[in-house]
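My numbering puts the sequence shown at residues 1 to 646.
A couple of the hints might just be wrong.
As the list claims (entries may be wrong) - Each pair of labels, with its calculated beta carbon distance range: (1) T254 - W635: 32 to 42 Å; (2) N281 - G415: 51 to 61 Å; (3) A264 - A622: 16 to 26 Å.
Claimed, not checked - Below, a list of computed lysine-lysine pairs in the DSS-like style, where the Cα atoms sit at most 27 Å apart: (4) K408 - K457; (5) K290 - K363; (6) K408 - K453; (7) K262 - K317; (8) K289 - K262; (9) K363 - K289; (10) K398 - K332; (11) K446 - K47; (12) K593 - K332.
Everything labelled a hint here was simulated from the structure, so no lab data went into it.
Ideal Cβ placement from N, Cα and C applies to all residues, glycine included.
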Amino acid sequence: MSLIQLKNISLMFGSPPLLNDIDLVVQPKERVCLVGRNGSGKSTLLKVIAGEINADDGQRIIDNDTIIARLEQDPPQTNNVSIFDYVAEGLAELGETIKAYFHQTQTVAEDPSEANLVRLQNLQEQLEAQNAWQFEQKIEQTLSQLQLLPDTRLAELSGGWRRKAALARTLVRSPDILLLDEPTNHLDIAMIEWLESSLSTYNGAIIFISHDRSFIRRMATRIIDLDRGTLTSYPGNYATYLEKKQQDLEIEATQNAEFDKKLAQEEVWIRQGIKARRTRNEGRVRALKKLREQRRQRQEVQGNAVVSQSASTRSGKTVFEATHLSYSIEQKCLVRDLNLTLLRGDKIALIGPNGCGKTTLIKLLLGQLEPDSGNCKQGANLEVAYFDQHRQGLDLEKSVIDAVGDGKRDLTVNGQPRHVISYLQDYLFTPERVNAPVKSLSGGEKNRLMLAKLMLKPSNVLVLDEPTNDLDVETLEMLESLLLNYEGTVLLVSHDREFVDNVADSALFFAGNGKIQEFVGGFTDIEQWYKGRGESVFDVFERKQLRSAKSETKSQESSPKPAPVTKKPKKLSYKAQRELESLPQEIESLEEKLAELQEQVNQPEFFKRTNDETSTALAQLAEIEDTLAAKYARWDELESTLEDQQ
1 MSLIQLKNIS LMFGSPPLLN DIDLVVQPKE RVCLVGRNGS GKSTLLKVIA GEINADDGQR
61 IIDNDTIIAR LEQDPPQTNN VSIFDYVAEG LAELGETIKA YFHQTQTVAE DPSEANLVRL
121 QNLQEQLEAQ NAWQFEQKIE QTLSQLQLLP DTRLAELSGG WRRKAALART LVRSPDILLL
181 DEPTNHLDIA MIEWLESSLS TYNGAIIFIS HDRSFIRRMA TRIIDLDRGT LTSYPGNYAT
241 YLEKKQQDLE IEATQNAEFD KKLAQEEVWI RQGIKARRTR NEGRVRALKK LREQRRQRQE
301 VQGNAVVSQS ASTRSGKTVF EATHLSYSIE QKCLVRDLNL TLLRGDKIAL IGPNGCGKTT
361 LIKLLLGQLE PDSGNCKQGA NLEVAYFDQH RQGLDLEKSV IDAVGDGKRD LTVNGQPRHV
421 ISYLQDYLFT PERVNAPVKS LSGGEKNRLM LAKLMLKPSN VLVLDEPTND LDVETLEMLE
481 SLLLNYEGTV LLVSHDREFV DNVADSALFF AGNGKIQEFV GGFTDIEQWY KGRGESVFDV
541 FERKQLRSAK SETKSQESSP KPAPVTKKPK KLSYKAQREL ESLPQEIESL EEKLAELQEQ
601 VNQPEFFKRT NDETSTALAQ LAEIEDTLAA KYARWDELES TLEDQQ
């Protein structure tokens, strides 16, 4: 039985309609990716599904007890509330009880009076009566996995960390339908991998918007494409969608060409003058009027952005040379004894978790920071263009045309005069849109505008700090093409794995504690290197970071506890040791079964089978995913115990 149905949904914000008579049915355990160009209405459609926006026409069919949670595209606005409270508020009234219990444990720790203990006991009874202990544990577990400290105020967090908090708030509800709007934005690669792992074992249906192609390939069991107000379903994986979408566009182009040919012939006929009037058929005249109206209403396929870089003089052969470079902030070492030489034409990606020092290293190379020790030499004739992930180069109060033209209407692009409106059309800004204020643009539009502004500046060194956030796939591919043909040097910070693989010829991997390793190739090459050693890319660094976050989180919990008792480290029993030895083989076997089932589910014909067949297969898939997750958790538990006893 479907979880939600949309029938003949239409919605207009001006003309043309954003949603035009669309239909959608979502089955349990589906992972549906919603794709489309920037501004096509994807986020609006998620709001319609969530019931936050009412459609102008059509039906939204859903059971009253179905729980829907939506992760918004932008991080929550800064406010003075703790992370624990913010996440708990996602559980409505239940969350208020959990919040009260959490704060009462802190109160009792400071003042274990009888009145406070009675209050704590009453709250415990309320939690038990509402069967809320599982949600309290779910909050703590989710915060720990996302490395969020419960007492930290939301106002103290950066945009990326606030987005993690919003993700935690969405996940703790365990909704039947999980709506995710660009869930990988602002997350580092380690957190994206964690998110993929968590969502792959999620029991509810997931509908997500993403332009991260690696994320889509790994997650989606079906693609739905929103194009010019029309929604089309493509069962199967992302590769199947790309192939069938291209076929559909070619068929559409052929049909439009035939239509235009017929229209042109009729226009010639109607203009034949006196001779035509003598033989004119009124039915043919009415048919011509209908053809004209159909042509007027046709929405053409939106073109691709034309991203081009203004030419510059060549830099010296050596662009940057770092020798024994070290830098620390507040006793945290970000760069330790780094020796690095970057040559003209190198395209190097900086890869690592948020906060590991990627932007700091760029500033050290550019001379914007002084190292604690060592030195960095810059080559000759450097002209640097810097794409800032926070878009600080954009004045939100200016119009689009003034943000690029700075009050001028004529620009010089690669030595040729261009009108600013013509130039902005290369970046998909229509003449009607150029006078809109920058603050009214979507995230993708702001990034396109930032690129338009950046590419006007002649450069031989491009520094791109998270340029891919919110860009649609077509613009991403154009940017990839630009960077591949760029004759200068590229420093790229991105968590988009496919973008990095397609652009970078080498990478700097931040392995923790200031250690930076240089690799040939992109993220996949780093991943393969670690796999060859029997590890994951983040086995060493991320596990230590996650466990330290867990211990820090637990140390901040203020629930009343008895006086600490010193215990000997727990040792593995013989049975547990044998279990640990057998787990890798069991996990490998389960992963093979899981891959076989996922391949079946990803087949285009899968959801055309009977409900019994699809339900049985999906139930088996969920059972294996749950078992696999439990095996991984047990493996981590046994390994942690083994490390502690050593």
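Verification of the hints:
no., hint, verdict
1, T254 - W635: 32 to 42 Å, "violated, 55 Å"
2, N281 - G415: 51 to 61 Å, "holds, 57 Å"
3, A264 - A622: 16 to 26 Å, "violated, 56 Å"
4, K408 - K457, "holds, 15 Å"
5, K290 - K363, "violated, 62 Å"
6, K408 - K453, "holds, 13 Å"
7, K262 - K317, "violated, 59 Å"
8, K289 - K262, "holds, 13 Å"
9, K363 - K289, "violated, 63 Å"
10, K398 - K332, "violated, 39 Å"
11, K446 - K47, "holds, 22 Å"
12, K593 - K332, "violated, 44 Å"
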